[in-house]
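Novice: Go ahead and model the full structure; you've got the sequences and the hints to work with.
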Amino acid sequence: MAEARRMWAALKLLDRQILDREDRFAGNVDDVILERLDDGTLAVTGLWSGAGGLAYRLGARRFGRWLQRMRTELGDGDGVIALGAVQTIGNHVRVAKDAHELSSEATERWVRDHFIGHIPGNDHAAE
Amino acid sequence: MLLSDLLRMRVVDVDGVDVGRVVDALLVQSGPVVGGFGHQLVVEGIAIGRRNVGLRLGYHRAGVKGPAPLRMLLERMERKARYARWDQVDSIDEDALVVRLRCPVSGLDEPPVTAA
Amino acid sequence: MKKVFAVALGILTAIGGFVDIGDLVANAETGARFKMNLAWVVIVGVIGICVYAEMSGRVAAESGRAVFDLVRERLGPGPALVNLAASFFINMLTLTAEVAGVALALSLVTSVNYLLLMPFTAFLVWVVIWRLPFGLMEKVFGLLGLALIVVAVTVVRIGPDWNSLLHQATHPHISHDETPFTYAYYGIALFGAAMTPYEVFFFSSGAVEEKWSDSDLATNRANVFIGFPLGGLLSLALMAGASLALAPRGISVDALSQVALPTAFVMGKIGLAILLVGIFAATFGAALETALSAGYTVAQYLGWQWGKFVKPRDAARFHALVLGTLIFAVLIGISGVDPIKVTEYSIVLSAAALPLTYFPILVIANDPDYMGEKRNGRLANTFGFAYLVILIVVSVATIPLMIITKAGA
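First to last, the protein sequences are chains A, B and C. Our numbering numbers the first residue of the first sequence as 1 and each following residue consecutively. Our numbering numbers the first residue of the second sequence as 1001 and each following residue consecutively. Our numbering numbers the first residue of the third sequence as 2001 and each following residue consecutively.
Calculated from the structure, these hints are not laboratory results. In this text, a Cβ means the ideal position worked out from N, Cα and C, and glycines have one as well. Be aware that one or more of the hints could be misleading.
[As the list claims (entries may be wrong)] Pairs of lysine-lysine, BS3-like flavour, derived with a Cα cap of 27 Å:
#, chain 1, residue 1, chain 2, residue 2
1, C, LYS2139, C, LYS2002
2, A, LYS97, C, LYS2311
3, A, LYS97, C, LYS2211
[To be verified] Which stretches of chain C does chain A cover? Using the computed rule of at least three CB atoms under 8 Å from a CB of chain A, they are:
#, segment
4, 2150 to 2157
5, 2307 to 2318
[Said to hold, decoys possible] Which stretches of chain C does chain A cover? Using the computed rule of at least three CB atoms under 8 Å from a CB of chain A, they are:
#, segment
6, 2053 to 2065
7, 2132 to 2144
Specialist: Structural data, given as structure tokens:
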């Protein structure tokens, strides 16, 4: 087996652009979730993306957590992308999902459904 | 725990000497397989230093070399960086935001440079 | 042959696209007030924008990531948010000024008050962004912007003593009725006008969206290194025209329409008509770029889908933001603010904020992880670093100068 890949977490993961499987921009990595495994090691289990995660990063930690709870209760989801859904980590962080399936993209869908989607011509690219 | 929590923590060695703050965590892809990602990313060690503006710019750990005056300035600011392997970490106190090491400061190396 | 044509077209577009409302106002103002004694600043500014536009194009092509995305990654979310707030505010002022410029050019033709034309202008800008093939519009406005060459013709028609103009430009001095502070303040305005950061936001975002490759980079270099200096010549011609036609008459530029006076004096109605076409195209093109840049900066900071190649419904937040910014800019414009003042503030504050944008570009351009073999060489780094020092000095000096001179009064 080739030597295992190494990367600095803050340098390589934090604030990186997330791409979905169709190359669409789907949020940033606002924080990285670490959990203890049974053998005592600390492992990355997921990425937190969206307003809650960003607020947490910026120091408004209670507000960030509150936002996450609110959105979960509203049915938007918690904004967490499990590491298993991540495909590759390079210049971008690519996920093996469609942006529409990500809970962190709920606001994008809301703006589309309630505003932009009602303006004539919203379904045609300008170029 | 979140990575940003870890990055807020202070580090003290086995004798209670303050080593600095956690500035980054080195991940290695060697854990159990998860979903389409493959082997899970586990923390292999933490870089400890003084937090400064140059930290994220890549001069210390990602091989950024130019322009020369900037490099010299930022390397000066971060020359005391240390690296603790995960097996040198004794405990992580999430409430007090302290990482305790099981070895003295003198037992620590410099952080490795990873290009990729 | 086709390739040559494409390169030529790009260069012509860059010339026309270089000048915007900030250049129009700053060069005419300083020409009328300081004659050619600040011409050297335009040259310093043009070299600076060449260095950093080339760098940001290269970074975008190699990393596939636009400027504000990298700003956040390298500065961290906190400092990048401060940068975003400043950049967004300045960009909004610039957008207001550009829309006012378009409206003014239209009002000089139609004799309708420009305040009434601002909402109409903003609507046109929005329609182009929403529906029309943007690349084509960019070329059309760039080429129409070449009508600004009429200001160079104006200078030639005046038949100035070239030696004396050149002597003024190469032996700058501060006249008795000005202070070193006002001189420096207007110098910063000229510098900010030449190096406006939105050009880099727009430029790098376009490069990412068009998925630039190495051959695009060569074209990019030609556009930047030939097009921008020629655009800078137009700026100098504006300054020379004002110094020859306005300064001797004691006319200062207090209204946008006065920018057109030298050409109107010398070239009559036809010259004026050509100039108005140029002003319309230059400001309309810049209004498109600043409106989009408002969306680019925020969307890239937050990771939203952005861009003009995707359907608006697939970049919903981006389009909502662009539309909202346009509406807000019009509200500022019709609130009765003086468009000249808005322009001045936008370019002077741009100058103060420049290091926030250009510093991360310089660092990323040196990152082997992103750039590989295409990272900065010694020349790019020497110029890049020298300009970083200049930018920081300018940035520190701007606000105190603004207070001391009461904003150039």
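Novice: Confirm or reject each hint.
Specialist: Hint check results:
This hinted pair checks out: LYS2139(C) and LYS2002(C) have alpha carbons roughly 16 Å apart, not beyond 27 Å. About 20 Å separates the Cα atoms of LYS97(A) and LYS2311(C), which keeps this hinted pair within 27 Å; it holds. About 22 Å separates the Cα atoms of LYS97(A) and LYS2211(C), which keeps this hinted pair within 27 Å; it holds. Figure legend: the segment 2150 to 2157 of chain C, annotated as covered by chain A; annotation inconsistent (0 residues with Cβ-Cβ distances under 8 Å, at least 3 required).
Residue count for the segment 2307 to 2318 of chain C with a Cβ under 8 Å from a Cβ of chain A: 9. That meets the three needed, and the coverage hint holds. Under the rule that three or more residues need a Cβ within less than 8 Å of chain A, the assignment of the segment 2053 to 2065 of chain C holds, with 3 such residues. Interface restraint, the segment 2132 to 2144 of chain C with chain A: holds (4 residues with C-beta to C-beta distance below 8 Å; minimum three).
Of the numbered hints listed earlier, the single one contradicted by the structure is hint 4.
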